[in-house]
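A.B. asks: Two chains, two separate frames, one set of hints: put the complex together.
Sequence lines, in order, name chains A and B. Just so you know, we're using our numbering here: the first sequence kicks off at 105 and counts up by one. Just so you know, we're using our numbering here: the second sequence kicks off at 17 and counts up by one.
Everything labelled a hint here was simulated from the structure, so no lab data went into it. We put the CB at the ideal spot given by N, CA and C, even for glycine. Please note that the accuracy of each hint is not assured.
[Said to hold, decoys possible] Keeping only pairs whose Cα atoms sit at most 27 Å apart, straight-line, the calculated DSSO-like set for lysine-lysine is:
#: 1; chain 1: A; residue 1: K391; chain 2: A; residue 2: K407
#: 2; chain 1: B; residue 1: K57; chain 2: B; residue 2: K43
#: 3; chain 1: A; residue 1: K296; chain 2: A; residue 2: K136
#: 4; chain 1: B; residue 1: K57; chain 2: A; residue 2: K254
#: 5; chain 1: A; residue 1: K198; chain 2: A; residue 2: K117
#: 6; chain 1: A; residue 1: K254; chain 2: A; residue 2: K198
#: 7; chain 1: B; residue 1: K89; chain 2: A; residue 2: K254
#: 8; chain 1: B; residue 1: K43; chain 2: A; residue 2: K218
#: 9; chain 1: A; residue 1: K296; chain 2: A; residue 2: K254
[As the list claims (entries may be wrong)] To list a few chain B residues with every Cβ distance to chain A over 12 Å, as calculated:
#: 10; residue: I42
#: 11; residue: I79
#: 12; residue: I83
#: 13; residue: E92
#: 14; residue: F94
#: 15; residue: D96
#: 16; residue: I170
#: 17; residue: L172
#: 18; residue: L179
#: 19; residue: T266
#: 20; residue: A303
#: 21; residue: N314
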Amino acid sequence: MSGDVVLRVENLKKHFVVGHTGVIHREPITVKAVDGVSFEIRRGETFGIVGESGSGKSTIAYITMGMYLPTSGTITYDGRDLFAEKKRPIGLKKEIQIVFQDPGSSLNPRQSIKQILELPLRIHNPHANRLEEVIRLLDLVDLPPEYMHKYPRQLSGGERQIVAIARALATNPSVVVLDEPTSALDVSVQGKVLNLLIRLQRELGLTYMFITHDLSVMRNLASRVAIMYLGRIAEVAATEQFFSNPQHPYTQMLLSSIPVISEEEEKLKPAKVVSTGEIPSPVNLPKGCSFHTRCPYVMDVCKRVDPVMVDVGQRGGHIARCHLFEQPPEVAQQAEAVAASQEGA
Amino acid sequence: MSAQAVPSTPSPEIRHSISPEELARIKRENRRDQFGRAWYKFSRNPLSVLGAAIVIAITLMAIFAPIIAPYPKHAEPFTDFASASQPPSAEHLFGTDEIGRDILSRCIFGFRYSLVMGIVVLALVVPVGVFLGLVAGYYQGTWIDTVVMRVTDIFLSVPPLILALAIASVLEPNLTNAMLAVSLMWWPWYTRLVYGLASTLRNEYFVVSAETVGAGTGHILLREILPNMISPIFTKISLDMGWVIIIGSTLSFVGLGVQPPTPGLGTMVASGARFLPDQWWIAIFPALSIVFIVLGFNLLGDGLRDLFSAEEA
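So that you can see chain B by itself, here it is in the shape it has in the complex (with noise of 0.2 Å):
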């Protein structure tokens, strides 16, 4: 027995056994188990239920725009004066614009303009700020920490319209460069929010647990730190979604995102308007659109939240 108690002879005889059948058992209920208990608080709050139901509406739309829309032509270049400025009725429910489109139409794809400028705005300003957040937070104190967040700060200091206004007006206005202009002053606040998260986290005793058994750097940032600012990351990234939408449209209202004849909300708000207050629905539908998606990811994004934070309690 005495010579099982050298250390570094693991001791033979284990007192508890399972089969590995078990194991991989316990771990898929072990799963289970927290996604639904994940899914019935969510479900719990109507509101949140009705975002996430708007939200996947939106994008099953926009995704499968050409078989939905009523007339997928009208959101191509196409004229039809002979139905222009039609008001809703049950062929054209949303009505039809001053050169004859079914607003509905254009509205579904318009959708689709609207989704890609949330998604590809924050699928290159997510990563971006949470990397430089987490460094930073990471370093705290150091020229590190200091260098990147006053580059932040400095581009937090600018209003982000008239940033974004000021760099979509330098570049050929179009959608792409619209998502640029976003995406330029949109980074500071995730690297802001990262590292707030990433200055306290490291000094949780499991950071400095890892620290001391010898973990590299690269693992402590993405496994132990990273990992436990997915829930404010993502209730900022749904709440964030509408914000980006709405930025986008105004772009395109004045004319700086997307162009003509292309179904942009904001572009079809900017045009309608000057058929107000007689052929109201020219403007309205479209601006009643922006509402609904911005409302959804709202409603998504404070649902999550509210999980989140159930969660840590």
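This is chain A alone, in the form it adopts within the complex (with noise of 0.2 Å):
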């Protein structure tokens, strides 16, 4: 089942324009939301994004749709670059359907959930019978068909964005983002959330890419996990190898910043990293590696050069991108070479 690339990213950069410097010298003064951030999504897995927010973890989402044009970068979907058109072709849109976070601003409140489903399949399937589709697409997420004719106003919120998963699978998507759908939620609907999306994915074979901010979330869910820092990826691994054997100071900084409740969880998290400072600015990011302000472990080179990712792991596919690991000399020498020579010109 899982397996082949459904969706690689690229060397994906997203840089706002938010001012512009000086009167005469003007240059922008951009926000690098996303900078550089490469990984690849396989077919029927759950790719879990984590951060904090401000992380860029979003704005990959909203680029993924097409929301955001890449400043550079790319993003295929089965080999097809998603912005090869200036306008996404409608078969690709089928494809990659997205669950926002607010259920509440993410249905329209004059429409009926039979409206608003309807909509996607007018696009993408004109011919079906509507009434039927709309019966299955509620019936598919457990919801009784009388709910066609309620209005968004009239349902939880845990309705609501059950409503707007049915949305998602209206076109029959094979990848479907989740841009953290239960943090708008009440925990006691958060659990029936995830079910319904677990057992989504095992009937219609979905690929998920689930963008949350919760670590227990992404535990039970995500089948491997990435994890952000000021737009860049600091560690990517399998969940297991993520929660278990967290290599970057980041990931250990954020896993033992987990409240516990009993012992014995205690004992489960990895070595205790104390968390310091604040993220900092995104417009006004810190030289060499961006971590290095709050890092415990910081050395010299961290505040000079920008690390490159590398792979951890044991039996491969645990990344991470931090100068502890790259172990032959050479490599970080030639890394000091350049960027002094860049420092120099």
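C.D. replies: Given below as structure tokens:
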């Protein structure tokens, strides 16, 4: 089932212009929301992206949906460049759908659930019997058919999000981007929505790009996890590896900041790393490794040279972006020489 | 089971089932529920009910003027100098004017011209203003936005009554040209209202969602964005009816609108003003009629605004 790559993100960058410097020497001030991100999502898996707010995880989702154009870099779906044409072809739109964070604003308050679900059907499946399809979609997400005549304000937050999921499925997509689908919901309904997502993935063979800042949700749902810090990926690993054997100091810091109640849980956690400082402003990124301002293992090289992705796993596929793992000294030296020459220029 | 899990085949077993009749019944009940709730909220406010009653009464009087007016002939060219300038009496409730016409009858016919003024002007202005505002708001930040909104600003910067007076005085003075003049200065208000609403609504996730699913611009403008601004637009229409009628009456008052002997309320006030204060009824009753119409529409508009803002909360 899994194996082949569905979505490949390569060196993706998105810089937002937020203003200009000076009057005479006008240079754009940019926020590097996403700054050189690469990863692959394999068919049938749930690829999790975690990070603090402002780390650029939602921006990746929006670029994937075509809401923003990337500054540079590419995303390919099944080998097809998503940005090859100015307007994304309808056949590609069909394959990738999104569920937004806030179901309160993602459903049009003036449309009935039927009208909401009919839109994707009208565009992507014009010959289907729409009433039957709407009933089927509601059934797929376990909502009774009479819900089609309700309006979003008559539904609870959880039910609205379930309708949003049904709408995403209406085009029969193969990839669903889930942008913090449960963070606006009560804890009591989060579980229900997550279970629904798991069931739908199993039944329909969906691939998820799952974005959240909730590590426990990630642990339950994702097959692989990428952790983002200031627009870059710090570490990518299989979920089990990620939680049991985190390599990057940032991951260690985040995992040890999860509050636990019992002693047993405490033992499951990796070595304690105290979190210090705040996330720096994405307008003014620190030089070198962007994490060096908060890193407990900070070295001289970290303040000057941006680290590269290093495979740190025994069986491969566990990647961290940190100088601690750039073992071959010649690599580090090379990087340092490059940085020095840039500085000189 | 695994064969059925392929995405393209719909799962054959439906967990919930319901008959079409049952579905239709639920739909009807839902709709009745919503209407009932809206009416209940509206009826809690006695002033808005009064406004609605005035508007309905005026509309009925305007439509059935020839039946309701005691002397329908007096709305046409007519003179009866024998009963000229009589004060209000049982026979002539509002009195008669300087050439013996029943003022009540002429006021009832005057409602017609005021309503026609309001309805025609808004019917011309609202679609144009809303369309321009929608397009400019949706394409915010592009050249379309710049062109439409700068033209709008230019129109808004001229005092409306002055502009209407200027336009009406260049054209031949009659009701049609008065309506044209008022329309020309009224559309920018709708463009600006709708522009503001559209430029926030376009960033709502339901609009973004329709875009990512591949909906056309027409669908997004008319089905996703427009329905969410119906409430403020209708509130404005209701409040504007009063304003347009006042401006129309003002144009008539200065002789640029309805021409005598046609019974425009503004025209009647103008010709009656000469006989103030002795024969006060000739000017005062048409003036009170204007107040009556404008009050009705304003109360209705306020009621609608409260209703819609409560709905949003």
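A.B. asks: Against each hint, give a clear statement of whether it holds in the structure.
C.D. replies: Verification of the supplied hints:
no.: 1; hint: A:K391 <-> A:K407; in the structure: 6 Å, holds
no.: 2; hint: B:K57 <-> B:K43; in the structure: 22 Å, holds
no.: 3; hint: A:K296 <-> A:K136; in the structure: 36 Å, violated
no.: 4; hint: B:K57 <-> A:K254; in the structure: 20 Å, holds
no.: 5; hint: A:K198 <-> A:K117; in the structure: 24 Å, holds
no.: 6; hint: A:K254 <-> A:K198; in the structure: 26 Å, holds
no.: 7; hint: B:K89 <-> A:K254; in the structure: 55 Å, violated
no.: 8; hint: B:K43 <-> A:K218; in the structure: 11 Å, holds
no.: 9; hint: A:K296 <-> A:K254; in the structure: 21 Å, holds
no.: 10; hint: I42; in the structure: 5 Å, violated
no.: 11; hint: I79; in the structure: 32 Å, holds
no.: 12; hint: I83; in the structure: 41 Å, holds
no.: 13; hint: E92; in the structure: 48 Å, holds
no.: 14; hint: F94; in the structure: 52 Å, holds
no.: 15; hint: D96; in the structure: 57 Å, holds
no.: 16; hint: I170; in the structure: 29 Å, holds
no.: 17; hint: L172; in the structure: 29 Å, holds
no.: 18; hint: L179; in the structure: 35 Å, holds
no.: 19; hint: T266; in the structure: 38 Å, holds
no.: 20; hint: A303; in the structure: 42 Å, holds
no.: 21; hint: N314; in the structure: 27 Å, holds
Taken one by one, the earlier hints fail for this structure at numbers 3, 7, 10, listed in ascending order.
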